[in-house]
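Kindly produce the complete structure, drawing on both the sequences and the hints.
If you're matching them up, the sequences are chains W and L in order.
Quick note: the first sequence, position 171, residue 377 per the working numbering, numbers continuous.
Quick note: the second sequence, position 178, residue 234 per the working numbering, numbers continuous.
Quick caveat, the hints were computed from the structure, so don't treat them as lab data.
Remember, it's a predicted structure, so these values are computed and weren't measured experimentally.
Using N, Cα and C, we set each Cβ at its ideal position, and we do this for glycine too.
Mixed in with the good hints there might be a few duds.
[Claimed, not checked] As a list, the in silico DSS-like pairs of lysine-lysine whose alpha-carbon atoms are at most 25 Å apart:
hint	chain 1	residue 1	chain 2	residue 2
1	W	Lys258	L	Lys74
2	W	Lys275	L	Lys96
3	L	Lys99	W	Lys285
4	W	Lys363	W	Lys258
5	L	Lys314	L	Lys256
6	W	Lys380	W	Lys430
7	L	Lys202	L	Lys74
8	L	Lys256	W	Lys216
9	L	Lys202	W	Lys258
10	W	Lys258	W	Lys329
11	L	Lys202	W	Lys275
12	W	Lys275	W	Lys285
13	W	Lys216	W	Lys258
14	W	Lys285	W	Lys231
15	W	Lys275	L	Lys296
16	W	Lys285	L	Lys239
17	W	Lys220	L	Lys256
[Said to hold, decoys possible] Computed Cβ-Cβ distance ranges for the label pairs, DEER-style:
hint	chain 1	residue 1	chain 2	residue 2	range
18	W	Asp232	L	Ile116	51 to 61 Å
19	L	Gln81	W	Asp270	24 to 34 Å
20	L	Trp101	W	Asp224	31 to 41 Å
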Amino acid sequence: MIELRNVTLKYGEKIILDKVSIEIKDNTIKAILGPSGVGKSTILKLMLGLIKPNSGQVFVDGVDITNFKEPELYPIRRKMGIVFQGNALFDSLTIGQNFSFFLRENLRLPEDEIERRVCEQIKFAGLEGYEDQLPESLSGGMRKRVAIGRALIFNPKMILFDEPTAGLDPVSSKKILNLITDLRNNSGLGAVFVTHIIDDVFAIADRVAVLYQGKFIFDDVTEKLHESDHPFIRSILSDKILEL
Amino acid sequence: MPLTFIRTLGNRTTLQLKEFLLTMQEFFFFSIRAFTTMPKLRKYWRDFLDQATICGADSIPIVLVSSISIGSLLAIEVGNLLEEFGAKTMLGRSTALSVIRELGPLLMGLMLSARYGSRNGAELGAMKISEQIDALRAFGTDPVAKLVMPRLAAALVMFIPLTALADFSGLQAAALLAQHYHKIDPGIFWNAVYPRLVAKDFVVGFLKAPVFAIIITLVSSFNGFSARGGTAGVGRSTIKGIVVSSGLVLIANFYVSKIVLENM
Numbered sequence: 207m208i209e210l211r212n213v214t215l216k217y218g219e220k221i222i223l224d225k226v227s228i229e230i231k232d233n234t235i236k237a238i239l240g241p242s243g244v245g246k247s248t249i250l251k252l253m254l255g256l257i258k259p260n261s262g263q264v265f266v267d268g269v270d271i272t273n274f275k276e277p278e279l280y281p282i283r284r285k286m287g288i289v290f291q292g293n294a295l296f297d298s299l300t301i302g303q304n305f306s307f308f309l310r311e312n313l314r315l316p317e318d319e320i321e322r323r324v325c326e327q328i329k330f331a332g333l334e335g336y337e338d339q340l341p342e343s344l345s346g347g348m349r350k351r352v353a354i355g356r357a358l359i360f361n362p363k364m365i366l367f368d369e370p371t372a373g374l375d376p377v378s379s380k381k382i383l384n385l386i387t388d389l390r391n392n393s394g395l396g397a398v399f400v401t402h403i404i405d406d407v408f409a410i411a412d413r414v415a416v417l418y419q420g421k422f423i424f425d426d427v428t429e430k431l432h433e434s435d436h437p438f439i440r441s442i443l444s445d446k447i448l449e450l
Numbered sequence: 057m058p059l060t061f062i063r064t065l066g067n068r069t070t071l072q073l074k075e076f077l078l079t080m081q082e083f084f085f086f087s088i089r090a091f092t093t094m095p096k097l098r099k100y101w102r103d104f105l106d107q108a109t110i111c112g113a114d115s116i117p118i119v120l121v122s123s124i125s126i127g128s129l130l131a132i133e134v135g136n137l138l139e140e141f142g143a144k145t146m147l148g149r150s151t152a153l154s155v156i157r158e159l160g161p162l163l164m165g166l167m168l169s170a171r172y173g174s175r176n177g178a179e180l181g182a183m184k185i186s187e188q189i190d191a192l193r194a195f196g197t198d199p200v201a202k203l204v205m206p207r208l209a210a211a212l213v214m215f216i217p218l219t220a221l222a223d224f225s226g227l228q229a230a231a232l233l234a235q236h237y238h239k240i241d242p243g244i245f246w247n248a249v250y251p252r253l254v255a256k257d258f259v260v261g262f263l264k265a266p267v268f269a270i271i272i273t274l275v276s277s278f279n280g281f282s283a284r285g286g287t288a289g290v291g292r293s294t295i296k297g298i299v300v301s302s303g304l305v306l307i308a309n310f311y312v313s314k315i316v317l318e319n320m
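Next up, the structure:
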C-alpha cells in the first residue's frame, strides 16, 4: 500500500536518508527500527507527504504522491492515520472535541453521526467519562489511546505510529502494543511503527526494517533478524534498547 | 591565515544570505496562502470571532493606557513649547496632527505587536513544537487557513476601531491636560482641532491600521510556524516575531506617512 522508492532526503548538506526503499503491505504490522535521530520519524512524514524528498518517489496505493500539492494530499492522508510521538493532541480542546475536531473540519456529517462516531472512539479508547476533560488531566497511556482513537476517526486502512511506547510504563506499553495487534486482527488495519525498542518489534511486528546511517540494512520478516550478521544488528540484539 | 579567515567569513556570509533569501521566499508564500484562504472565513467564523475578541476587545486597556499617556505627554511638552512663542491656542492643532497622523496608530501598532504578536508567536510556536500543526496537515486541515487566516482577518477588522479609539482617547487626554495644566479653554482647544483637520490627516492615520495588522499578524505567525528546538525555540521565535514586526511597524509608519503626505 505504501512504498518509498530510492528516496533521498537532505537537511542542508547532511544526508538523512540515502536512496532508501521500503514497502508496507496492507494488513501487516511493519516496524522501522533504528537509533534516535536516524530519520525514522522522517520516514513517516514522507509517507504522509508532510515533507518532500530531494529525490525518489513515494507511492500510496500505487499512486505517486511525491509531487502532489497540499490539497491533493488531503484525501490520500485520510487513508492513513498517524499517532505522533508526543500524541499532538489539541491541548485547548477536550477529549471529545479532539475526536470530533477533524470530523467537523473535513466531513459534512450530521451532528448525530459525529456524536455516534465520537462515542464509538471514546468507547474504543476506554475513556468513557473523560469526554469533557482536557488532555493534560490524563495519564500518558490514556493520552496515547486518545491519539490512537483520533487516528482511527476516518476509518483508515493503515495507521502510522511514531514511537508508540516511548515514555510509557511497562503496563501501558503492553496495552498499546496489544491494541495495535487487535486492530490488525479484528479490523484488518495495517500498521507501521517506528521504534528504538527491539522488544516491541519482537512483540508485534510481522516484518522489520532496520535503519542505520541513512540506509536500510535489513528488511525482512522479524524472525530473520536473529540470522543477520550485520555488526549493528548483532549489537542491538544484545543490548535490546538503542541508545545513542 | 588571513586568507583562510576571509574565505571562511565569505562562505559564512554567503550561507547566511542564502538562508535569508530562502526565509523571505517562504514568508512570501506563507503570506500569499494567508490571503488566498480568506474565502474560507465563513467556515472559520468562530475562530475569527475568538481572534477578534483577543486582538480587539481584550486589547482596549493597553491601547487606552498608551494613547492617554502619549496624549497627556504631548499636551504638557508641546504646550510648554508653544507658550514660549505665545501660541498656546495652537495646542489643539499640533496635538491632533501628532496623535491622528503619527503617534496614535504608531503606539497602538507597537503595543499590539507586543501583545497580539507575542500571543500568536508563542501559541503557534507551541503548536508547532508539539506537532499539532503537523497533526492538522496529517488529518487534512490547512493550518494556514485554520490558524493564520482568521488571525489576519480579525486584525484587519479590529485595528481600525482600535486606531480610532487611540486617537479619540489621546485627544481627550490632551484636552483635559490643556484645560487643567495650561488653562486653555476646551472650546479653544477643540476649535483648533476639528475645523482644521483634513481628509489627508485621517487617511495617513487610518491607512496604517491595516498595514500594521498585516505586518504584525503575518510576521508573528510565520515565526510561530518556523519554531524549532523545544520550549527555548518557542521563546526565540516569539522574540524574533516581536522584534521584527516592531521594526517593520516603525519603518512602515514612516513610509505610509511619506507616501500619503506627498501624494494627497
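Comparing the hints with the structure gives:
A hinted pair counts as satisfied when its Cα atoms are at most 25 Å apart, and Lys258 (chain W) with Lys74 (chain L) qualifies at roughly 20 Å. Restraint check for Lys275 (chain W) and Lys96 (chain L): the C-alpha separation of about 18 Å stays at or below 25 Å, so the hint holds. Note on Lys99 (chain L) and Lys285 (chain W): the hinted pairing holds, with a Cα-Cα distance of about 24 Å set against a maximum of 25 Å. Taking the CA atoms of Lys363 (chain W) and Lys258 (chain W), the gap is about 22 Å. The hint holds against a cut of 25 Å.
Straight-line distance between C-alpha atoms of Lys314 (chain L) and Lys256 (chain L) comes to about 12 Å, which keeps the hinted pair within the 25 Å bound. Taking the CA atoms of Lys380 (chain W) and Lys430 (chain W), the gap is about 23 Å. The hint holds against a cut of 25 Å. Between the alpha carbons of Lys202 (chain L) and Lys74 (chain L) the distance comes to roughly 30 Å, so the proposed pair goes past 25 Å and is violated. With a C-alpha separation of about 53 Å, the suggested pairing of Lys256 (chain L) with Lys216 (chain W) is violated against the 25 Å cut-off.
Distance hint between Lys202 (chain L) and Lys258 (chain W) is fulfilled; the C-alpha atoms sit about 22 Å from each other, no more than 25 Å. Taking the CA atoms of Lys258 (chain W) and Lys329 (chain W), the gap is about 36 Å. The hint is violated against a cut of 25 Å. A C-alpha spacing of about 18 Å is found between Lys202 (chain L) and Lys275 (chain W), which places the hinted pair at or below 25 Å, so the restraint holds. Between Lys275 (chain W) and Lys285 (chain W), the direct Cα distance comes to roughly 17 Å. Compliance with the 25 Å bound is thereby established for this hinted pair.
Only pairs whose Cα atoms come within 25 Å are accepted, and Lys216 (chain W) paired with Lys258 (chain W) is accepted, the gap being roughly 10 Å. With a C-alpha separation of about 13 Å, the suggested pairing of Lys285 (chain W) with Lys231 (chain W) holds against the 25 Å cut-off. A threshold of 25 Å between alpha carbons decides the hint, and for Lys275 (chain W) with Lys296 (chain L) the separation of about 30 Å lies outside it, so the pair is violated. The straight-line distance between the Cα atoms of Lys285 (chain W) and Lys239 (chain L) is roughly 75 Å, outside the 25 Å bound, and the hint therefore fails.
Between Lys220 (chain W) and Lys256 (chain L) the alpha-carbon distance is near 55 Å, which puts this suggested pair outside the 25 Å criterion. Look at Asp232 (chain W) against Ile116 (chain L): about 57 Å separates their beta carbons, and that is inside 51 to 61 Å. Range check, Gln81 (chain L) to Asp270 (chain W): about 26 Å between beta-carbon atoms, so the 24 to 34 Å window is met. As the Cβ distance of Trp101 (chain L) to Asp224 (chain W) is approximately 47 Å, the hint placing it in 31 to 41 Å is violated.
Of the hints listed earlier, those the structure fails to meet are numbers 7, 8, 10, 15, 16, 17 and 20, in rising order.
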